[in-house]
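Hey, can you work out the whole structure from these sequences and the hints?
Given next are the chains, with one letter for each unit.
Protein chains: 2
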Amino acid sequence: MKFIIQRDRLVQSVQDVMKAVPSRTTIPILTGIKLVANEEGVALTGSDSDISIESFIPAQENDQEVVEIIQPGAIVLQAKFFSEIVKKLPTDLVEIRVENHLQTVIRSGNSEFNLNGLDAEEYPHLPQIEEDNIFKIPTDLLKAMIRQTVFAVSTSETRPILTGVNWKVENGELICIATDSHRLALRKARIETIAEDSYNVVIPGKSLNELSKILDDQNEPVEIVITENQVLFKAENLLFFSRLLEGNYPDTSRLIPTDSKTEVVVQTKEFLQAIDRASLLAREGRNNVVKFSIIENNVVEISSNTPEIGNVVEEVQSSSIEGEDLKISFSAKFMMDALKTLEGTDINISFTGAMRPFIIKPLNDDSILQLILPVRTY
Amino acid sequence: MKFIIQRDRLVQSVQDVMKAVPSRTTIPILTGIKLVANEEGVALTGSDSDISIESFIPAQENDQEVVEIIQPGAIVLQAKFFSEIVKKLPTDLVEIRVENHLQTVIRSGNSEFNLNGLDAEEYPHLPQIEEDNIFKIPTDLLKAMIRQTVFAVSTSETRPILTGVNWKVENGELICIATDSHRLALRKARIETIAEDSYNVVIPGKSLNELSKILDDQNEPVEIVITENQVLFKAENLLFFSRLLEGNYPDTSRLIPTDSKTEVVVQTKEFLQAIDRASLLAREGRNNVVKFSIIENNVVEISSNTPEIGNVVEEVQSSSIEGEDLKISFSAKFMMDALKTLEGTDINISFTGAMRPFIIKPLNDDSILQLILPVRTY
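In the order they appear, the protein sequences are chains R and L. Using the numbering used here, you'd call the opening residue of the first sequence number 1239 and step up by one each time. Using the numbering used here, you'd call the opening residue of the second sequence number 1239 and step up by one each time.
Hints should not be assumed to be uniformly reliable.
[Unchecked claim] Here are the simulated DSBU-like cross-link-like pairs (lysine-lysine), alpha carbons at most 30 angstroms apart as the crow flies:
#1 K1325/R with K1571/L
#2 K1529/R with K1325/L
#3 K1325/L with K1565/R
In case anyone wonders, no lab produced these hints; they're calculated from the structure.
The following block contains the structure:
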């Protein structure tokens, strides 16, 4: 194997595939990055066996040479050292060549590294996926849907299925749901699909977080292929595979109240900042519980109290309060997480009593819903 | 006590004095910030008893009202909460007032905090310092002198005196020296002084680091007063006190070689980057030892080797090599630390053999000197 490549492209691809490379693993070769050079270009692969990422650097792009392939071949290089080295190389072009016994020379300017490589034949193969049934989502929408749901997955392994996000495709619509059983996030959107297929799978939250970091902010479509135990995301020059979680995701539809007794409209940012300040003196429980109560003149009061330190009272003006008066307590952290995902300037909060879950939605937008279970303190 | 103050000024001052507030202490009141309001303005104080910082916010500045003092007084507020609160307050103006029983109300817009204060009478007094003998240094020069020496102090408490920087004032010159006994940094500069005093004190490295963070990058002079066991730095609206270290600083002048057998001139940045890359594969010892050797044609070779991973060879062009050939090994970390403090584009390295300390200086600049002890591997 021997090729000469633009350093910046190499650095970017290495950085992308590194997101799948585990720092510790029982399969030693997975601490490496696989490089495969052929006439079309160079493919880099990283994998922790749950997530696998392949980044492809084409030999030619827009009539410009990105890689000069001198001899095709393949090698696995230790990811930790290889990634640090390429970042610090002195010149714009880098030569990589494999000599006998897997010795790999990396040369740039007056700098020459000699790394002990591993046999690429021993690197696990990527999942083989039939690409019959593909659906497409614009990259920016996909990233938004991930961001608006993945924060609500469970971090506890007591119910492993809840550490993933439930993706349902039906009737040309994608519905993403995450819950840790104390709160729930739901986001839906129309998708471009060829077949009228329906799916119901659970994607690990960690996979979605890593995917989101790699994807650029643009509106090119990402192609998605779902199989029985894998999902594949295809973007330009990028393949991202993730294992699916096994098991049935709980039916969450019954959790979401359909009626409401109190409806409150507030400005998202103002409300978020008031919750944030009130949480500073809320040390009851680990999630900073604050109290919410409706007072006269369309004003909502947020308060918290830690006797040995002090107390705080925040007043937030509401543009509309309808229904019963209410005093309720909830986790400030959960509320802030939910509010940060809502893009509108105003939100509607629907309560059905101090002991029941409540719903936060942007005003006049049914594509996203955040649900929080209250805490009993009043 | 009652006053109304510009939030941004309060935030800045709180942030400055926080640098002295300990997170844990055996003197509980020191976890607080003392606020004193009088007709001239508001003074904030933080202290861990080694370092004390007073930040003053004048009532008037450039004919503009910064603080409206309604009633003078004093209080101590828990630093951790007070600092988080002021950062997040919603409006540009903040009212702070003490009610009976040290209860302190912080009000901004529709936000009202009530904090349990502590009695300001119980807060330790700042050191009393006679300001007879003052010398002055421009702020940016002071910050440079700190940055160029403090990194070399010892982090080990086995010889506590080496955790400080030795400041010597004599003949209108300030000399700063730091060493951890494996390397040494020396920086000197002319200073503005009234009396022909001389001093020889040791300032804790931690104090100098914190001071440097607080001082703005500008060339207004900082006034410095040295007493038997304290040093006071006075900048605009800021007093920074530090305890001095007790004991005699070792005489370092004999450590510094006066002759040399090999002189090498290289470009600072190119040399630094080559060392940085070579250190990537240098895992012998915890400080990443690299090898330096002079090869033909005015070329210096930097190399390292970890058999199980690989090796690296860097060639650096020298504009001048004079004297004996040389192979020497040293800590890449120490070399990079030293090079980062040198501002010139070219440096001169003077060796007196592979086992002797060597000196790095900017070309044609005697105000700064970095010394490193080699490691025996060749």
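Hints, verified against the model:
1. Restraint check for K1325/R and K1571/L: the C-alpha separation of about 18 angstroms stays at or below 30 angstroms, so the hint holds.
2. Restraint check for K1529/R and K1325/L: satisfied, since their Cα atoms lie roughly 22 angstroms apart, inside the 30 angstroms limit.
3. This hinted pair checks out: K1325/L and K1565/R have alpha carbons roughly 28 angstroms apart, not beyond 30 angstroms.
Of the numbered hints stated above, none is contradicted by the structure.
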